[in-house]
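Peer 1: Using the hints, position chains B, C, D and E with the ligands against chain A.
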Amino acid sequence: MDKFAKKIIDLPKRLLVEEPLNLYSGIRGMFGESSKTAGLPPGSAIYTGFRKDTPFNIDLFSYSENTLEEKNNISIEEVINLPQNGNFNWINIEGIHHAEKVKEICDAFQIHPLTMEDILSVGQRPQIDDTENYLFVALKMLQFDSKKNKTLNEQVSFVLTKDLLITFQERKGDTFEAVRNRLRAGKGRIRKEGLDYLLYALVDTVVDHYFIVLEKFGDILEEIEERIMFQGQKRDFDLLYTLKRELIHIRRSVWPLREVISKLERDEIKLIRKHTRLYIRDVYDHTIQAIDSVETYRDFISSLGDLYQSVISNKLNQVMKTLTIFSVIFIPLTFIAGVYGINFENVPEFQWEYGYAYFWSLLIGMAVITLGIFKYKKWM
Amino acid sequence: MDKFAKKIIDLPKRLLVEEPLNLYSGIRGMFGESSKTAGLPPGSAIYTGFRKDTPFNIDLFSYSENTLEEKNNISIEEVINLPQNGNFNWINIEGIHHAEKVKEICDAFQIHPLTMEDILSVGQRPQIDDTENYLFVALKMLQFDSKKNKTLNEQVSFVLTKDLLITFQERKGDTFEAVRNRLRAGKGRIRKEGLDYLLYALVDTVVDHYFIVLEKFGDILEEIEERIMFQGQKRDFDLLYTLKRELIHIRRSVWPLREVISKLERDEIKLIRKHTRLYIRDVYDHTIQAIDSVETYRDFISSLGDLYQSVISNKLNQVMKTLTIFSVIFIPLTFIAGVYGINFENVPEFQWEYGYAYFWSLLIGMAVITLGIFKYKKWM
Amino acid sequence: MDKFAKKIIDLPKRLLVEEPLNLYSGIRGMFGESSKTAGLPPGSAIYTGFRKDTPFNIDLFSYSENTLEEKNNISIEEVINLPQNGNFNWINIEGIHHAEKVKEICDAFQIHPLTMEDILSVGQRPQIDDTENYLFVALKMLQFDSKKNKTLNEQVSFVLTKDLLITFQERKGDTFEAVRNRLRAGKGRIRKEGLDYLLYALVDTVVDHYFIVLEKFGDILEEIEERIMFQGQKRDFDLLYTLKRELIHIRRSVWPLREVISKLERDEIKLIRKHTRLYIRDVYDHTIQAIDSVETYRDFISSLGDLYQSVISNKLNQVMKTLTIFSVIFIPLTFIAGVYGINFENVPEFQWEYGYAYFWSLLIGMAVITLGIFKYKKWM
Amino acid sequence: MDKFAKKIIDLPKRLLVEEPLNLYSGIRGMFGESSKTAGLPPGSAIYTGFRKDTPFNIDLFSYSENTLEEKNNISIEEVINLPQNGNFNWINIEGIHHAEKVKEICDAFQIHPLTMEDILSVGQRPQIDDTENYLFVALKMLQFDSKKNKTLNEQVSFVLTKDLLITFQERKGDTFEAVRNRLRAGKGRIRKEGLDYLLYALVDTVVDHYFIVLEKFGDILEEIEERIMFQGQKRDFDLLYTLKRELIHIRRSVWPLREVISKLERDEIKLIRKHTRLYIRDVYDHTIQAIDSVETYRDFISSLGDLYQSVISNKLNQVMKTLTIFSVIFIPLTFIAGVYGINFENVPEFQWEYGYAYFWSLLIGMAVITLGIFKYKKWM
Amino acid sequence: MDKFAKKIIDLPKRLLVEEPLNLYSGIRGMFGESSKTAGLPPGSAIYTGFRKDTPFNIDLFSYSENTLEEKNNISIEEVINLPQNGNFNWINIEGIHHAEKVKEICDAFQIHPLTMEDILSVGQRPQIDDTENYLFVALKMLQFDSKKNKTLNEQVSFVLTKDLLITFQERKGDTFEAVRNRLRAGKGRIRKEGLDYLLYALVDTVVDHYFIVLEKFGDILEEIEERIMFQGQKRDFDLLYTLKRELIHIRRSVWPLREVISKLERDEIKLIRKHTRLYIRDVYDHTIQAIDSVETYRDFISSLGDLYQSVISNKLNQVMKTLTIFSVIFIPLTFIAGVYGINFENVPEFQWEYGYAYFWSLLIGMAVITLGIFKYKKWM
Ligand SMILES: [Mg+2]
Ligand SMILES: [Mg+2]
Ligand SMILES: [Mg+2]
Ligand SMILES: [Mg+2]
Ligand SMILES: [Mg+2]
Ligand SMILES: [Mg+2]
Ligand SMILES: [Mg+2]
Ligand SMILES: [Mg+2]
Ligand SMILES: [Mg+2]
Ligand SMILES: [Mg+2]
Ligand SMILES: [Mg+2]
Ligand SMILES: [Mg+2]
Ligand SMILES: [Mg+2]
Ligand SMILES: [Mg+2]
Ligand SMILES: [Mg+2]
Ligand SMILES: [Mg+2]
Ligand SMILES: [Mg+2]
Ligand SMILES: [Mg+2]
Ligand SMILES: [Mg+2]
Ligand SMILES: [Mg+2]
Ligand SMILES: [Mg+2]
Ligand SMILES: [Mg+2]
Ligand SMILES: [Mg+2]
Ligand SMILES: [Mg+2]
Ligand SMILES: [Mg+2]
Ligand SMILES: [Mg+2]
Ligand SMILES: [Mg+2]
Ligand SMILES: [Mg+2]
Ligand SMILES: [Mg+2]
Ligand SMILES: [Mg+2]
Ligand SMILES: [Mg+2]
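Chains as they are written, first to last, in my numbering: chain A, 16 to 395; chain B, 16 to 395; chain C, 16 to 395; chain D, 16 to 395; chain E, 16 to 395.
In isolation and in its complexed conformation, chain A is listed as follows:
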């Protein structure tokens, strides 16, 4: 089996050494605390997530094909009073656990209280809502923090109006940085195509990041596979369990996403131009591919679990066989030795001239017979 494993595996071993159990985001990690709003009127401004360490921050990208203005950390007033100069405006908001500030902005742009509740209720499934005045999309963002070797997840919501795209995030992150750089560089289509294309580009980036996480998972799985094939320790099963749990969470993010993006492409959504749909179709394909990977990994994890069980059974069998072989050989021998340790007065063998030789012949004969039986039964 050595050759098999050696031949194939050249993946970096760092992963398992640097404690992939860091992946842990807990069973309840993605669910939030929806119960907080129980019995309250709809549209109550209550953040239901666990992430509360990000300062509230608003960034603005105001651009047209030839111009770009980038402002960081602007005030709510500035957002509300954006000049209507024909530019495309992208407002990125971080730290939505400051629920009252989110409410202020939503009220200013006439976002319905139910939509606002959805922005703040971060335990929800990805969703899409096409209202009269705006298009609302909420997704789960997954990132692999390669420094901490850890998966992060957060909800990101998009509100697209005619001249404005607002994105709401739970915490600061660099997922959108590549898109920002494409805006800054001004090359390619991105500055020419308007806000529906920007929405596409951001959603595409979110989906692309799923693959980063999934490929890490694939690497870890390959490494676990190798370990189990050779040894199979309890730790490997713990790892499998952890990956499985994380995949359950990713599944919750990616299956409804499919439906959301499919609606984005198929429904006659006013704010998405026919032209942009071509690109959204491409994101759709990527989403299907991500789903496919998740399901395939689940299959692998389940198969690896079976493999682990077979390794463990095999080990137990080895151990029991060893014990049995040893016991079965020595038990009769020890018995014979015991017999000739008796203190009766008239044991004829004791006086035999070759008594001791006879004794050893008996022992060796016994051992030979037992070993013969084992050979016959193919236990040795």
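If you are wondering where the hints come from, they were derived from the structure by calculation, not from laboratory data.
Hints may be right or wrong, so weigh each one.
Capping the alpha-carbon separation at 20 Å, the derived lysine to any residue pairs in SDA-like fashion look like this [unchecked claim]: (1) B/Lys118 <-> C/Lys202; (2) C/Lys118 <-> C/Ile73; (3) C/Lys249 <-> D/Phe245; (4) C/Lys390 <-> B/Val334; (5) B/Lys231 <-> A/Ala53; (6) A/Lys289 <-> A/Glu147; (7) A/Lys392 <-> D/Lys249.
Owing to the predicted nature of the structure, the values given are computational and were not obtained by experimental measurement.
Peer 2: Here is chains B, C, D and E with the ligands on its own, set in the frame of chain A:
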């Protein structure tokens, strides 16, 4: 593994200490005794549930945008002779095991005998029925009684006519208290919007309470996970089993609910104004989310079951290894000692000058060889 | 755990004592012997079931709103020559293994040979067939024979024409007795509403009887659960297996029933008046509920199987631990005793003044160390 | 448990004695070698099956309502030059591994090369193809060879034109014999109704034969069930495995058959008269029933597998308990005996007057205590 | 059991000897590294696969019914400047990891950047895209390299325009060689029918090669089955695991293929003539058959896994039984021997005249009783 577990878990440990097995509502808990009506004509007034300790009680909320009249424990006559003054009337009935009183009310408001049977047959699936004169909805209500640390379930039925909403409950409870308070306060939409909105608000509250129960389940699961990772005792598996059984019941409540609420939103139901449908769509999303949580928890429970099995196998292997190592080392040693306890007359070794030293060398040599084999086989 | 189990369970224990294995109807019990008709022309009159002990018997109920004539054990001729006096006629036939008699009746009423074959082929799935002249419905009837503590199943077929309802049964039974009594009493709707309503009432009774069987199953499951929680003996798993097998049969009866009743309600069947459909919708709901219970019980049985396995594993671990602890403590002690049973001539310890005390110190010291290790490893 | 099993089982035991493992048709048995045609142009005349021992043979039935001509082993020329005298012609061909002869016939009747490929590619799923000139149907035929106690499978293809039905078989067999006899007898509908009815009769016979096989399976399952309940030997699990594998093959035959027959009934196929569809609907029901049996048996096999596992676990537990009880009782006793076998000089007990009695009291006391503990733990 | 296995199996044993673990293509083998394009603008020319050892190569087949020109290793310029002489042109490109060259060609033929991205993103699911100017199809190609006894997989993309078919492959291979030979031979339809027929022929060849791989899998499975029936070694389970993993990959290739080919047949694709659809329907059937085989093999693997577990359990039981029988027989005997090895002064038995005979009677009596118990319990 210590670090892993320590790092993450800061959930209150009370849960498992205060006996979560209290959750127990039995395998048949939600099914009722439908067989009671076997062979009877349709519309027989027979309560099929197990809860018979609640006194019969009728409460009335009569309100308009500016007025509110609240009356407790009114008589059936008062209900039947409600003044038709343009007010919205909500009649809440508790203790439906008084089947004949329910019949009296149903007859007075011309509720069809089959509907009445559905109100009293509490083992049924959630359902909706849009008749010519009224809209009928039946749901399962789940509550977490945080004093007794226990889940309660009951059937709640709604009959909505043009100027009346009647709710039928099996026992007294505070699930609707938050809605009552919103009515009393008179703030927000609730007094302005009419009875279809009140129906929405009550259904929303029922669904919201599912999350309270589910989040408790999530907390318990996280704690069981930690316990299994460290130790894995039979009690943990019993707990897993109990949670699984409860989830089976919750599943029975929440999957058909989805269909019910979807009909409420989509079908052209006369008594639900288009305006209110927006809110019902929101409850629909919450129902999907509850289903999602239930299925996810089922997945977790199944994975945790596998993890438990692997912990148990591992323990058995440890135990067997210990036994085997001890046995295999000492069995040959004991045999040798037995050999030199024989009473033959001419055992040359007995007379050797260094016989005893030779004996110990034999023992130690044997032990060293066996240990060497164990080391080689990586069993120690 | 005591408290948990004691608190909840107050179900009669008789069930398991009175040998619920009586439930047994065999793996092939419901399939019949369809192969008997292999290669024969369609419409061959061959009964494919196993029940052949019921004498052939025909009963007649001839009724209108105000009159009722009940005749037992009438001849085939009487059936064929029924007077056409505007009365509703219900002919109930028992003992269809008298295939040639069934053929005679079918021929007289121009029932198609393929329908006749379906009446006699009792291993089939429930089905519905709306022909030009009559409506054909075949169901599975389940009864719980509470005397013998046993489930009985049989096929019952309905042929509904304009002025006649014929029911075909495999054996005598009291399932329809309640309906007969309602006909005799003449109260309620049943005598006024005609034969489609009678069909409904009979089908409803059949479905109602499913719940009697299912509730027995629920009781047995609760008892098995308790037994497994405490002890977990092989017999409990055998019981689980038996219940599972019976549920597989019930499933075969109830899933296609759903489709049959749904067609009865939805298709524009000439002989079912719109008015009666309301009632059939109610039976449909009950069927769904029965399906729901079956699936839920299957879930429970599977979970209880897992629980049983965990109980068994736990027991094996206990046994092995006990063996290991005993062995590991005594093996070294026995070895030491063996060592000092040797017969070498110059063993210095033998002459020591406190040799015997030294020997015991050695034994006790050894035992203390081993016990210490067990304590440390938390095995005791 | 004795009573339970005795009471029910009266099935012939011959089955398992006469080696049901004969059932074996191999994992690849039904797949054939489709790879043989890889890269070849469509319509290459290559037989992909394993059965090559049947001589090529053509039989002709030429009939009308009043006449019947039966010819065996006719030449290809005769087939091609059939007189067009208004008779219905059924040509049955056996031994299709003579691919070039099949090609000759297909070319003569203008059967498309792709259809010819389908006739020869016997590893395919059942299929139907309605072309302009003919209707093509391919099925899997299952037979139970009761002499060899063995299942046989083969592909049978039907080509129906206006005045001709050609059937292609892999080997000689008596499945169609009953239909031939009905043709010969000339009673009933078969000679009057034409070739679409003949097609129905043959397909019906094929489906009927499924039940013969499935009922044998049911008998074997019942017997295995009984054996496992009592003993549970490895051989029983091997049998279960073999049945499962055969069912996998049958499943492959019967699921697509459903679709094929459904198309035969529903699509507006020119060559099937409306009148005949009634009969095809009946075959459809039988197909559903066969599917149902297959799925039910799969369920049973899986449940029986679990039962077997529980029997095996139980046995292992019994064995381990016996070992443990024996060991735990004797280990301390043997230790004590060993202690008093030491050769120290001053062992006070040795000189005691009642030393030997004291020794036995010690042994008996020890044994009593150990047995007491076992009793308390309910291990004995 | 010997007879059973001997009778059936005559498959070449080479397979398992020549190390089928070579099949290994790794868990991530088919996924590629989609994450490479994260955040990049759509249509970035980045190859995401692992195969980078094939030199870039372009081959041209330019043909009409009567002419054929074949050119190997032509330059990109030649491709771009193909003469428009009414010939059908097939351009086959190998080595697409030269992404910039692929881009150059795509740009020249106005292939959309998103399509180009799909050609280079080899971890994707099979897909089809019908654009205004061309039809795009991407498939997974599986080959069995019979020299290395190894499965190879690669993505192959087809771009079909009015007068051009371009195929993109990851590496050199002989899958298409049979089609090339048919083109060279000029027999049959292939040179007459145009490029849509050529597309069909190539896709058909790809699907045909699936069966070669699947039939190898079937052979290996049959051999594993035999091995497990006889022995059941850990290596067999490893093999099963490996096959399962490969099937997971094949599944990912073949399920979406179904959808792709179905669209090719059903959608009104301009470039596919009605005439050719007949042939595509045939490929569709083959795809279904491949899916069917994959699912069937998965079923078999899972059943074989269960069989393996039962074999292993059985072995463990045998081992434990042997240990137990030996221990239980000798433990009391050894105890008795120990008893009579004591050194007490007044042991009456020691002085008995027939003491030694008495001692042996005791031993033999004890052994007989124990053996009797074993016989009774049917353990021997
Ligand atoms: Mg709420
Ligand atoms: Mg919401
Ligand atoms: Mg962020
Ligand atoms: Mg992308
Ligand atoms: Mg690897
Ligand atoms: Mg793409
Ligand atoms: Mg694409
Ligand atoms: Mg009823
Ligand atoms: Mg009802
Ligand atoms: Mg209440
Ligand atoms: Mg809510
Ligand atoms: Mg935790
Ligand atoms: Mg929403
Ligand atoms: Mg037939
Ligand atoms: Mg029929
Ligand atoms: Mg009856
Ligand atoms: Mg009912
Ligand atoms: Mg109970
Ligand atoms: Mg379906
Ligand atoms: Mg209802
Ligand atoms: Mg039986
Ligand atoms: Mg081909
Ligand atoms: Mg074909
Ligand atoms: Mg044949
Ligand atoms: Mg039939
Ligand atoms: Mg029928
Ligand atoms: Mg074989
Ligand atoms: Mg991208
Ligand atoms: Mg290639
Ligand atoms: Mg092909
Ligand atoms: Mg075909």
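Peer 1: All hints, please: hold or fail.
Peer 2: Here is how each hint holds up against the structure:
In summary, the hint linking B/Lys118 to C/Lys202 is supported, as the alpha carbons are separated by about 18 Å, within the 20 Å threshold. Only pairs whose Cα atoms come within 20 Å are accepted, and C/Lys118 paired with C/Ile73 is accepted, the gap being roughly 14 Å. As the CA atoms of C/Lys249 and D/Phe245 are separated by approximately 12 Å, the hinted pair is consistent with the 20 Å bound. For the given pair, C/Lys390 sits about 14 Å from B/Val334 by alpha-carbon distance, which is consistent with the 20 Å threshold.
Among the hinted pairs, B/Lys231 with A/Ala53 is consistent with the structure: their alpha-carbon atoms are about 14 Å apart, no more than 20 Å. With a C-alpha separation of about 18 Å, the suggested pairing of A/Lys289 with A/Glu147 holds against the 20 Å cut-off. Taken as a hint, the A/Lys392 and D/Lys249 pair is honoured in the structure, with Cα atoms around 17 Å apart against an allowance of 20 Å.
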